[in-house]
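Given next are the chains, with one letter for each unit.
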Amino acid sequence: MTTTPLKILVIDDDPDFRTAVTAILKSAAYTVITADDAAKGGSLIRAEKPDLILLDLMMDGLFDGFSLCHAVKTSKDFESVRHTPIIVISAVKDIAGARFGFKGEEQGMVGPDDYLDKPVGPADLLARIERLLKK
Amino acid sequence: MRIGSRILIVDDEEAVRDSMSQVLAKEGYEPRSAANSRDAAALFAGDACELVFLDLRLPDEDGLAVLRRMKEMSPETPIIMITGFASIESAVETVKLGAFDYLAKPFTPEELRVVTRKALDSRAMRLENILLHRELRAHRQYDRIIGRSKALQNVLDLVARVAPTDTAVLITGESGTGKELTAREIHRLSPRRDSLFVTVACDALSDPLLEDELLGHAEGALPRAREMKYGRLELAAGGTLFLDDASRLSLPLQSKLFRALQDKEVTRPGDPHPLHVDVRAIAAASVNLAQAVNQGAFREDLFYRLSVVSIHLPPLRDRKDDIPLLVEHFLQKYGRKAGKNISVASPRTMLALTEYDWPGNIRELENTIERAVVLARGDVLELEDIMSHGISMGIPALAWAGDKFKTLADIEKTYIKTVLRDQEGNKSRTAAILGIERKTLWSKIKRYRLEEKENT
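Chains as they are written, first to last, in my numbering: chain S, 1121 to 1255; chain F, 500 to 955.
Just so you know, these hints were derived from the structure itself, not from any lab.
Hints should not be assumed to be uniformly reliable.
Output of the computed footprint for chain F on chain S, the stretches with three or more beta carbons under 8 angstroms from beta carbons of chain F [as the list claims (entries may be wrong)]:
id : stretch
1  : 1135-1145
2  : 1240-1249
Cross-link-like lysine to any residue pairs, in silico, SDA-like; alpha carbons within 20 angstroms at most [said to hold, decoys possible]:
id : chain 1 : residue 1 : chain 2 : residue 2
3  : F       : LYS832    : S       : ASP1136
4  : S       : LYS1127   : F       : GLY545
5  : F       : LYS832    : S       : ASP1134
6  : S       : LYS1193   : F       : GLU718
7  : S       : LYS1146   : F       : ARG505
8  : F       : LYS570    : S       : ASP1136
9  : F       : LYS836    : S       : PHE1137
10 : S       : LYS1146   : F       : GLU571
11 : F       : LYS763    : F       : TYR803
12 : S       : LYS1146   : F       : LYS570
13 : S       : LYS1146   : F       : ASP665
14 : S       : LYS1146   : F       : LYS945
15 : F       : LYS570    : S       : THR1139
16 : F       : LYS832    : S       : PRO1135
17 : S       : LYS1146   : F       : GLY545
18 : F       : LYS945    : F       : VAL918
19 : S       : LYS1160   : S       : THR1124
20 : S       : LYS1146   : F       : SER532
21 : S       : LYS1146   : F       : PRO574
22 : F       : LYS763    : F       : ARG804
23 : S       : LYS1127   : F       : ARG505
24 : S       : LYS1146   : F       : GLU575
25 : F       : LYS570    : S       : PRO1135
26 : S       : LYS1196   : F       : GLY719
27 : F       : LYS836    : S       : LYS1160
28 : S       : LYS1146   : F       : LYS832
Since the structure is predicted, the reported quantities are computational estimates derived from the model, not experimental observations.
Think of the CB as a built atom: it goes at the ideal place given N, C-alpha and C, for glycine as much as any other residue.
Construct the complete structure from the given sequences, taking the supplied hints into account.
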């Protein structure tokens, strides 16, 4: 009980989803912060240095989840938080190829650490988060 | 690792708090308790509680007020009211205010265990439902194409036939006729539906920016941008690339795009390695692209590459039969958004909406309804909601029939008809509004044959 709880940032423009995920994560003793667009998410990442990020790729705006994910993994602005694991919450099945080589180092591309490409239940979500946090 | 559910107990009787805590702790839950509303608020805000037991009578505040506040802060947390036998009736009331259930004192440990489990299960199920029923974005619902008119059915037939193939499609039509919606529908019905639909608004950006958007760039390729950037072409890989207003592409960009589509390869500026990209292209144009080709403004090879199949969307004035359906759809859409229960337009309103020529097509209709819904006072959309706010049905719009100006006589006829209808055919009032003699109005009605039309 003495360890500080791990902090998770949820970036998604769907308020219902944020509410549900927040409740589920809190029940597993995580601290949760949320942002409703990629730009706010970006500033929270730098200010709060979360331990893990849940990110919706397809939000409105030119600076969307893709841009943010890419910035975190490559930009100098995010150098200190580069290794924060990112789980992407969008149906992006089958498009790993040219856009985010999953870990396609051969092209120097980087992508999220995990995809939720179909809806998952609370237990599955928590399991995936734990797996990434253990690394 | 999941830890026990945190349960907050708020009751001013120490004996009640202690015995409840004991029972719940034995079940593996993590109870914590507060004797008054102030302590409860602190625990509730700081600690994510999964369930709250709340005494209806607290020393410092009414339990109802606490219930309301907690529900506002955290609507998904179930709250069970604790009540004395005497106030069961008011406890029943609290359920209407959002309490999950109530427990009447005295209660047995078994009753406590049962209601706890029930509340926690229901909460877990609700959260799980939100997670599981969330539409993941690539599949998220967009507006569907609406209408039963013959003109639209022809379009939909073509869409259904072309969607499963992998051919490029050129969608033409006036602005606001639904070109993007049609492109999305083709994507939705295609084998690529699980991949992305990526839009490039060709008229939104100037040339170097548009090229950067389309092709991206390698690290250090541009003086301003240190980091590499994905282009929309590669983002669309496996999916559909929608080129909105394709006629606005510059000739150099047209040639780059043509090569990318032809060779299924794109090279990010500054990057020596070409990437394989397999996209289906759908382009939209509101001007005649074939004519642009003749004038040398659009590359012929790209034109043929994009227009393997072309679909022309009729303007709204050519599918007026669909206006009532569209109005109904937008009323529901924006009524819900505005929290109003407007689902119908009055016959008078519908008639005016149907008669209007809609040079801005469906987009103009949608904007009109959206604003009217916000301004409407009743449950039925009235003519005043549309007319009196000087929105799109004003005189300038009356004077423009899509591609040509109307004559003064046409405008006079339409205007007289509109006012006459608004005044329910009353000639004296109509003449007064128009500022003419009744006799003059009569002769105009006769000349324009307005009376006869009125009766059909």
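Now for the hints, and whether the structure bears them out:
1. 1135-1145: Our answer is that it holds, as 7 residues pass the Cβ test (under 8 angstroms) against chain F, meeting three.
2. 1240-1249: Coverage by chain F holds here, the residue count being 5 at a Cβ distance below 8 angstroms.
3. LYS832(F) to ASP1136(S): holds (19 angstroms)
4. LYS1127(S) to GLY545(F): holds (15 angstroms)
5. LYS832(F) to ASP1134(S): Measuring from Cα to Cα gives roughly 18 angstroms; hence the hint holds.
6. LYS1193(S) to GLU718(F): holds (13 angstroms)
7. LYS1146(S) to ARG505(F): holds (10 angstroms)
8. LYS570(F) to ASP1136(S): Between LYS570(F) and ASP1136(S) the Cα gap is close to 15 angstroms, so the pair holds against 20 angstroms.
9. LYS836(F) to PHE1137(S): holds (18 angstroms)
10. LYS1146(S) to GLU571(F): holds (18 angstroms)
11. LYS763(F) to TYR803(F): The hint holds at about 16 angstroms.
12. LYS1146(S) to LYS570(F): holds (17 angstroms)
13. LYS1146(S) to ASP665(F): violated (46 angstroms)
14. LYS1146(S) to LYS945(F): violated (76 angstroms)
15. LYS570(F) to THR1139(S): holds (13 angstroms)
16. LYS832(F) to PRO1135(S): Distance ~19 angstroms between LYS832(F) and PRO1135(S) Cα, so the pair holds.
17. LYS1146(S) to GLY545(F): holds (11 angstroms)
18. LYS945(F) to VAL918(F): holds (16 angstroms)
19. LYS1160(S) to THR1124(S): violated (24 angstroms)
20. LYS1146(S) to SER532(F): holds (19 angstroms)
21. LYS1146(S) to PRO574(F): holds (14 angstroms)
22. LYS763(F) to ARG804(F): It holds: about 13 angstroms lies between the C-alpha atoms, which stays within 20 angstroms.
23. LYS1127(S) to ARG505(F): holds (19 angstroms)
24. LYS1146(S) to GLU575(F): Holds. LYS1146(S) to GLU575(F) sits at ~12 angstroms (cutoff 20 angstroms).
25. LYS570(F) to PRO1135(S): With Cα atoms ~16 angstroms apart, LYS570(F) and PRO1135(S) stay inside 20 angstroms; holds.
26. LYS1196(S) to GLY719(F): holds (13 angstroms)
27. LYS836(F) to LYS1160(S): violated (25 angstroms)
28. LYS1146(S) to LYS832(F): violated (34 angstroms)
Comparing the model with each earlier hint shows violations of hints 13, 14, 19, 27, 28; every other hint is respected.
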